[in-house]
Amino acid sequence: MEQRVAEPIATPEVQPTVWRTQSATILFVVMVVGLIVAPFFTYPLFLMQAMCFALFACAFNLLIGYVGLLSFGHALYFGWASYLSAYSAKAWGFTPELAILTGTATGAVLGLLAGSLAIRRQGIYFAMITLALAQMMFFFALQAKFTGGEDGIQAVPRGHLFGLIDLSKEMNMYIVVLVIFLAGFLFIYRIIHSPFGEVLKAIRENETRAISLGYKTDRYKLVAFVLSATLAGAAGGTKAIVLQLASLTDVNWPMSGEVVLMTLVGGLGTIFGPVLGSFIILVMQYKLAAVGEWVLVIQGVIFVACVLLFRRGIVGELANKLKIRL
Amino acid sequence: MKKTLGLAALAAVLACSTAYAQQVNVKIGVLSDMSSLYADIGGPGSVAAAKLAVADFQKTNPNVKVELISGDHQNKPDVGSQVANQWFDVDKVDVIVDVPNSGVALAVSEIARAKNKLFIVSGAAASTLTGAKCNPNTVHWTYDTWMLANGTGKAMVKTGGDTWFFLTADYAFGHALEADTTGVVEKNGGKVVGKVRVPLNTNDFSSFLLQAQSSKAKVIGLANAGGDTINSIKQSAEFGIVKGGQKLAGLLVFSSDVNALGLPTAQGLSLTETWYWDMNDANRAWTKRWNAERNAAGKYPTMIHAGVYSGILHYLKARAALGAGEFDGKAVTDKMKSMPTDDVLFGKGTIRPDGRKIHPAYLFEVKAPSESKHPGDFYTLKATIPADEAFRPLKEGGCPMVSG
Chain A
663 MEQRVAEPIA TPEVQPTVWR TQSATILFVV MVVGLIVAPF FTYPLFLMQA MCFALFACAF
723 NLLIGYVGLL SFGHALYFGW ASYLSAYSAK AWGFTPELAI LTGTATGAVL GLLAGSLAIR
783 RQGIYFAMIT LALAQMMFFF ALQAKFTGGE DGIQAVPRGH LFGLIDLSKE MNMYIVVLVI
843 FLAGFLFIYR IIHSPFGEVL KAIRENETRA ISLGYKTDRY KLVAFVLSAT LAGAAGGTKA
903 IVLQLASLTD VNWPMSGEVV LMTLVGGLGT IFGPVLGSFI ILVMQYKLAA VGEWVLVIQG
963 VIFVACVLLF RRGIVGELAN KLKIRL
Chain B
68 MKKTLGLAAL AAVLACSTAY AQQVNVKIGV LSDMSSLYAD IGGPGSVAAA KLAVADFQKT
128 NPNVKVELIS GDHQNKPDVG SQVANQWFDV DKVDVIVDVP NSGVALAVSE IARAKNKLFI
188 VSGAAASTLT GAKCNPNTVH WTYDTWMLAN GTGKAMVKTG GDTWFFLTAD YAFGHALEAD
248 TTGVVEKNGG KVVGKVRVPL NTNDFSSFLL QAQSSKAKVI GLANAGGDTI NSIKQSAEFG
308 IVKGGQKLAG LLVFSSDVNA LGLPTAQGLS LTETWYWDMN DANRAWTKRW NAERNAAGKY
368 PTMIHAGVYS GILHYLKARA ALGAGEFDGK AVTDKMKSMP TDDVLFGKGT IRPDGRKIHP
428 AYLFEVKAPS ESKHPGDFYT LKATIPADEA FRPLKEGGCP MVSG
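First to last, the protein sequences are chains A and B.
Quick note: the first sequence uses the working numbering, first residue 663, plus one each step.
Quick note: the second sequence uses the working numbering, first residue 68, plus one each step.
Some hints here could point you the wrong way.
Some chain B residues flagged as far from chain A (calculated, every beta-carbon gap over 10 Å) [as the list claims (entries may be wrong)]:
no.	residue
1	K118
2	A193
3	F275
4	S282
5	G392
6	T447
Listed next, the in silico PhoX-like pairs over lysine-lysine satisfying Cα-Cα at most 20 Å (straight line) [to be verified]:
no.	chain 1	residue 1	chain 2	residue 2
7	B	K355	B	K118
8	A	K831	B	K159
9	A	K949	B	K159
10	B	K384	B	K94
11	B	K310	B	K285
12	B	K283	B	K262
13	B	K397	B	K159
14	B	K355	B	K440
15	B	K182	A	K831
Among the chain A residues that face chain B by a calculated CB cut under 7 Å, a handful are [unchecked claim]:
no.	residue
16	L804
17	Q805
18	E812
19	L905
20	L907
21	T911
22	I986
Worth flagging that the hints you see were computed from the coordinates, not collected in a lab.
Built from N, CA and C at the ideal position, the CB exists for glycine as well.
Could you put together the complete structure from these sequences and hints?
Structure below.
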């Protein structure tokens, strides 16, 4: 995949009507209300998992959509965070908030290590280095004792938040996940719209020019990489507590591919795109569970259709049609 | 007059419906791998087996209404766990059956315990399901890793294969299988002369097979699974290992694998199973019905399919014995354990307190193409391991429910 994919959404002359300038805020409110009402209509566990994946996809999008770096090894941070989070909750008796923080820190540390190596190269080499490191750590997870190999870590206790709130009650857990997801989402929104985010976008557009303007682009890229890995870690850690298990699926390379698909379907470089994309992909996985092997075929067809028909993704195309920024 | 007749009819209907309030409603979920590497050993074949079990049971118990649903866990523990949760909570499923893939099975077992439902394992091999991770809501039906290692190891040594060389897949599962089998071989007076650790998903086994060949061990144990097993068996045939006088022992091979490999490649392979379709008339008759239900020519049921049938049948018997009322997973499991099992496929058997179903196991050797008389005629029976020796002794499993 070339950097061309990460084309910015052209924002032509915008008529300054309220709903155009405030479109992102409006959509955000709609999303929050939707997520608050949803558990009364849909199975909450499914929504919680979808939010974890949405946060994961948003974190991935921060890197590819706004810095133009295609990491093909994001499962590394997601999966290892879920292992460490699950292990700390089960073996060391950490409370859920500490376990999730452990997972987040795992993502950050691994992101720093992998990122400082990977950002030295560009394009396909960058992607290959991230993939190679992720595969290395996959085999480590397969062999290590504490990960339980292909059995994974099961029966992770959800515990009590701050020692007080019982998370085994579905609604309590739901609120915690919702808060984590929204916090992560707003954090990413803040990053993108900060001066730091502007520099990232400048690097995406033309790295040489950013260097000539005096920016140390490697540092910016590394910080963005670590931020993305950290948020992916938060998503993985939360998922381990929600589903009460951590398994090889989360560190294996198809997971790295799945997050690319989620982001692409929703809309690369749009803030809402990855959220929509991950919900679509997850709904497909569960609703189509009965049709067996066709899940993968349908996923493939959607991927091809996306690339051929709407390269900006669903949210990206929508934003372009309505000439707004989402 | 008409009115009274109508009323009488209504009363009669009402009376009938109160009589039928005793009707027991059961919902069974078959959770399996429908599309990927375990689809042949479980998958759609398990659904067909479940349908046969329900049909057979309803012949004698028409008052038990059974609904059957199935799903694909895609070999992902989180998908399996999501489906299991939803089945138990939303779809009112009482029991989940099959679940090949130990990772998914351990997750489902935990959910069944937490929600006080029931889980009948046929497809997964992990012996921890009735060992350290046992629980009062899980019954492990067909086979497990300990039984495979024990069956093959013991029977091979007793029939003369007393020196072993292991080809071991280099991860936890392979190591466990190798360690278990080594223990059995040495306990029965055999000797392990060497072993080699092979990376997972290897395509080229030649250097490992050469080591195995030059070790002069009488038996080469394949402590691997899935694609690795298939590849190592194929390449052993190319190296003429069996023709050279050494024996190949598959520690996790199913009749569907033998069917896929073909007899020319698989001949001479030793393996342990608890059920084989061509063993007696009852099995053959059942296979005919299974084939009609499964609607796939050239396929033969595996022991996992037989286990699904047998497990569901026993569950339904227990359920009917308990009568209508709120579903209580623990009570149903206790009932299942207290009743002796009896069906056409596995014969008489029992379920131990740790959830382990007990029945005999058989050591088979794959026939040469010239010995095979009809399609699906795969095996020669080499030894029968009696029920009381086939599975891990109750005390050695480390199941907290048993040791108290």
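Against the structure, the hints come out as follows:
Its beta-carbon lying about 16 Å from the closest one in chain A, K118 (chain B) satisfies the requirement of being farther than 10 Å from that chain. At roughly 6 Å from the closest C-beta of chain A, the C-beta of A193 (chain B) falls inside 10 Å, breaking its exclusion from the interface. At the 10 Å boundary, the C-beta of F275 (chain B) stays outside the reach of chain A, the nearest C-beta of that chain being 18 Å off. Annotated as non-interface, S282 (chain B) keeps its C-beta farther than 10 Å from every C-beta of chain A; the closest such distance is 25 Å.
With a minimum CB-CB distance of about 26 Å to chain A, G392 (chain B) clears the 10 Å threshold, and the non-interface call stands. T447 (chain B), annotated as away from the interface, keeps every beta carbon of chain A farther than 10 Å; the closest lies near 33 Å. Pair hint K355 (chain B) plus K118 (chain B) holds up; C-alpha atoms about 14 Å apart against a cutoff of 20 Å. The straight-line distance between the Cα atoms of K831 (chain A) and K159 (chain B) is roughly 19 Å, inside the 20 Å bound, and the hint therefore holds.
Proposed proximity of K949 (chain A) and K159 (chain B) is supported: the alpha carbons are some 17 Å apart, at most 20 Å. Restraint check: the Cα-Cα separation between K384 (chain B) and K94 (chain B) comes to about 14 Å, which is no more than 20 Å; the hinted pair holds. Proximity of K310 (chain B) to K285 (chain B) is assessed by CA-CA distance (about 12 Å); at most 20 Å being required, the pair is judged to hold. Using a Cα cut-off of 20 Å, the hinted pair K283 (chain B) and K262 (chain B) holds, with the two alpha carbons roughly 12 Å apart.
Only pairs whose Cα atoms come within 20 Å are accepted, and K397 (chain B) paired with K159 (chain B) is accepted, the gap being roughly 16 Å. Our distance criterion of 20 Å between C-alpha atoms is met by K355 (chain B) and K440 (chain B), whose separation comes to about 18 Å. This hinted pair checks out: K182 (chain B) and K831 (chain A) have alpha carbons roughly 13 Å apart, not beyond 20 Å. Of the supplied interface hints, the one on L804 (chain A) holds, with its beta-carbon coming within about 5 Å of a beta-carbon of chain B, less than 7 Å.
With its C-beta approaching chain B no nearer than about 6 Å, Q805 (chain A) sits inside the 7 Å limit, and its interface hint holds. Among the interface hints, the one on E812 (chain A) holds; its C-beta lies about 5 Å from the nearest C-beta in chain B, closer than the 7 Å criterion. At its closest, the beta carbon of L905 (chain A) sits 5 Å from a beta carbon of chain B; the interface hint therefore holds under the 7 Å criterion. The interface hint given for L907 (chain A) is met, as the beta carbon of that residue sits about 5 Å from the closest beta carbon of chain B, less than 7 Å.
Interface restraint check: T911 (chain A) against chain B, minimum CB-CB distance 4 Å, threshold 7 Å, status holds. At about 35 Å, the closest approach between the beta carbon of I986 (chain A) and any beta carbon in chain B exceeds 7 Å, and the interface hint on this residue is violated.
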